[in-house]
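Chains as they are written, first to last, in this note's numbering: chain A, 1 to 101; chain B, 1 to 172.
Hints are all accurate, no fakes.
If we take Cβ atoms under 8 Å as the criterion, some of the chain A residues that face chain B in the derived model are:
id, residue
1, Ile31
2, Leu38
3, Ala49
4, Leu57
5, Ser58
6, Gln60
7, Ile91
To be clear, the hints were calculated from the coordinates, so they are not data collected in a lab. Model, not experiment: these values are computed from the prediction. Ideal placement from N, C-alpha and C gives every residue a C-beta, glycine not left out.
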Amino acid sequence: MDVPVSYYLVLSGIVFSIGLIGVLIRRNIIIILLSIELMLNATNINFVAFSSYLGNLSGQVFVFFALTVAAAEVAVGLAIIIALYRHSASINIDDFRLLKW
Amino acid sequence: MGMIVFFYFASVIVATAALVVALRNPVYSALALLVMFFHVAGLFVTLHAEFLAIIQILVYAGAILVLYLFVVMLLNLRREERFHHQLTVGLFLGCMLFAEAVLLVVKGETSLGADLPALRESAQLTQGNTESIGELLYSTYLFPFEIASLILLVAMVGAVILTKKGILEAKG
Numbered sequence: 001m002d003v004p005v006s007y008y009l010v011l012s013g014i015v016f017s018i019g020l021i022g023v024l025i026r027r028n029i030i031i032i033l034l035s036i037e038l039m040l041n042a043t044n045i046n047f048v049a050f051s052s053y054l055g056n057l058s059g060q061v062f063v064f065f066a067l068t069v070a071a072a073e074v075a076v077g078l079a080i081i082i083a084l085y086r087h088s089a090s091i092n093i094d095d096f097r098l099l100k101w
Numbered sequence: 001m002g003m004i005v006f007f008y009f010a011s012v013i014v015a016t017a018a019l020v021v022a023l024r025n026p027v028y029s030a031l032a033l034l035v036m037f038f039h040v041a042g043l044f045v046t047l048h049a050e051f052l053a054i055i056q057i058l059v060y061a062g063a064i065l066v067l068y069l070f071v072v073m074l075l076n077l078r079r080e081e082r083f084h085h086q087l088t089v090g091l092f093l094g095c096m097l098f099a100e101a102v103l104l105v106v107k108g109e110t111s112l113g114a115d116l117p118a119l120r121e122s123a124q125l126t127q128g129n130t131e132s133i134g135e136l137l138y139s140t141y142l143f144p145f146e147i148a149s150l151i152l153l154v155a156m157v158g159a160v161i162l163t164k165k166g167i168l169e170a171k172g
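Start from the sequences, fold in the hints, and give me the full structure.
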């Protein structure tokens with residue numbers, strides 16, 4: 001393995017930034033959730049790279065927990081999207097600017 | 001050889017990640033994310049994290065993405081404007097964050113490159129990857145493991161309550 005760990009950090013930084021940009025500029029709530037998945041994957045790449053380079057498996061265990069939380073987040077997030085769509089027949093983020101119903 | 005494999009995976013990951021954000025149709029975005037998940041799993045294999053690579057494919061590509069596609073196809077989406085009006089601000093903030101990250105890595109590269117390979121040589125794994133992770137998970141991280149199961153239970157109950165119509169009215 002001759003790839004320096006900084007390459008993995010740059011890759012993970014690129015993917016995280018793309019995910020952040022996606023959260024900020026898209027209007028579709030589903031794409032925003034997909035961008036959050038991108039950010040979670042960027043952190044996972046970071047964890048696994050450091051775990052491999054330090055020879056310590058704890059990083060991989062943390063990726064396991066991050067995966068669990070991602071699955072929970074997707075389930076609840078998609079349920080909220082369905083509830084929102086039922087309420088106002090739209091998943092455009094600009095349509096939900098009121099806190100009361 | 002390792003460099004070529006890494007650059008292949010990295011370029012595909014970055015390209016598909018950009019496609020996820022840029023594509024107009026949510027189904028295409030989800031499929032681009034699927035390709036990205038597979039390549040991240042390939043990157044995990046090159047880093048000797050075989051268990052996580054399989055879990056990545058099973059959970060992300062198998063479960064999470066199917067859920068996304070299911071919801072995208074369940075909701076009858078009409079064509080709409082793609083980008084938020086804060087497009088420039090978002091792009092600026094994202095590029096700024098990326099520049100900061102690169103600056104940190106580049107400035108700290110000497111210490112990273114010098115210390116890490118030596119550490120790696122000294123800690124060779126004798127067991128298989130899955131076996132080691134299992135032992136760690138059920139000894140050191142037993143309590144977080146149970147918390148994770150609780151999170152999954154709460155998410156399951158929450159998803160059912162949020163989506164099932166009239167489940168709260170029927171009780172009260």
